[in-house]
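Residue numbers (the working numbering), protein chains in the order written: chain W, 1 to 251; chain V, 1 to 183.
Just so you know, the hints here were simulated from the structure itself, not pulled from any lab data.
One or more of the hints may lead you astray.
[Said to hold, decoys possible] Example chain V residues on the side facing chain W (calculated, C-beta under 7 Å, incomplete):
(1) R72
(2) V76
(3) G79
(4) P87
(5) R123
(6) R124
(7) A125
[Stated by the list, open to error] Counterexamples of contact, computed for chain W against chain V with all Cβ distances above 10 Å:
(8) L35
(9) G63
(10) A114
(11) R117
(12) G185
(13) S188
For glycine and all other residues, C-beta sits at the position ideal for the given N, C-alpha and C.
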Amino acid sequence: MGSSIIRASGRRAFLGAVATGGAFFATRGLFAEELARTPSRTEGPFYPDKLPLDQDNDLIVLGDSLTPAVGEITHLHGRILDVSGAPLKGLTMEIWQCDANQVYLHSADAGRNASKRDPNFQGFGRFTTGASGEYRFRTIKPVPYPGRPAPHVHFKIKRGDRELLTSQINVAGHPGNKLDMVVQGGISVFDRELLMAEFKPVPDSRTGEWAAAFDVILGRTPDDHVLHALRDAPGAKRLRPRRPYQSKEQA
Amino acid sequence: MIPTMIVLAAMAQGPGGGATLTKSADVADLVERMMAFDKDADGTLSRAEIADARLLGQFDHADADGDGRVTRAELVAIGEAEHSDTPDFDRGPGGPGGPPPGFGGFPGPPPGRPGEILPAPLRRALRLTEEQKKRVDELQANVDAALAEILTDDQKKELKGMADRPAPPDGPGRRRPPDGPRR
């Protein structure tokens, strides 16, 4: 009850709908402490090597096609915030995941499994945040596949072409999480939890849709990840950021 | 037996096993970062104190007795239960990715030490029975002994050196744990 997801029957209506993002961080501003940053995870080998023509935030329907993708429809939504809880606008979130038949939109995977691939699943989508920092996608509930017992959605956050974060969204409570080397490997218990999204059935959905809320927290300036990488690199003393990043919000 | 032990110890950390925390450090990290929400400083957490909605699932999971409060002891228990020694197999852009190395025909060395037949994560993934584990252990002991006879002392030293070498620094796009102020 009280779902913040606005359900819409048509594709156009969905694209225009504004998910209000719910009551995440309702207490923002009460505390001076920072929100924990979303940890990064491996990009994996299947970021599309050839991006689809349709790159919108509805991965269920391709172009003007009338045939939807196979799978359980999921409304994935949330906000991109800085560590103080302030929304970050103008950031592009990209997601990619395998289809319901476990095939990625990538020549190395789809090439081997061409007969299995769901031709109606977009496999990749983009959304650029506005002032509210909110994003939303309509996609399928991710499925496990051989080698990855944990179902997951890959994502990247970019400002223009600059990559700020690459990570993966997992399904909270899925039994495959405990067996999965990406979910388990080289990450603290606390940080692992930050990559879990609870998939909840959409109330009254006749088609068994799901809603999953997942907020992304970036460093104080989104360039932190890059700056840390520079700082930690060999010979870091010689490296200085030429132009310290300043977001529009800070300018 | 001694050479066997050297080989066994050589790659205990696993190649590229970057930032895997020890169990005690992982548990301490969890306790510290969760207890940062203890605003009334009474030593326990209430659900209302968890200001970050992303951590409510962890709170509920930790609240073993279901009394709506989470104690340090409950956090320690969940930290110990959920800690994983699985190494981080991410070796940067272009490296292995989605499916773990060794799975599904993807290139890349399996996590674990050289000569290890089935590293712990693979054993878990395959859900080996106790009998199977025992047989794999026996096979591993034979492999280790044979490998120890094949390698020269210098080579064993070199292998150990490689294992002790600190993990390469992260580059842009690589996974790295968040640092700095956090909770």
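Here's how the hints hold up against the structure:
no., hint, verdict
1, R72, "violated (14 Å)"
2, V76, "violated (11 Å)"
3, G79, "holds (5 Å)"
4, P87, "holds (6 Å)"
5, R123, "violated (10 Å)"
6, R124, "holds (6 Å)"
7, A125, "holds (5 Å)"
8, L35, "violated (6 Å)"
9, G63, "holds (26 Å)"
10, A114, "holds (16 Å)"
11, R117, "holds (16 Å)"
12, G185, "violated (4 Å)"
13, S188, "violated (5 Å)"
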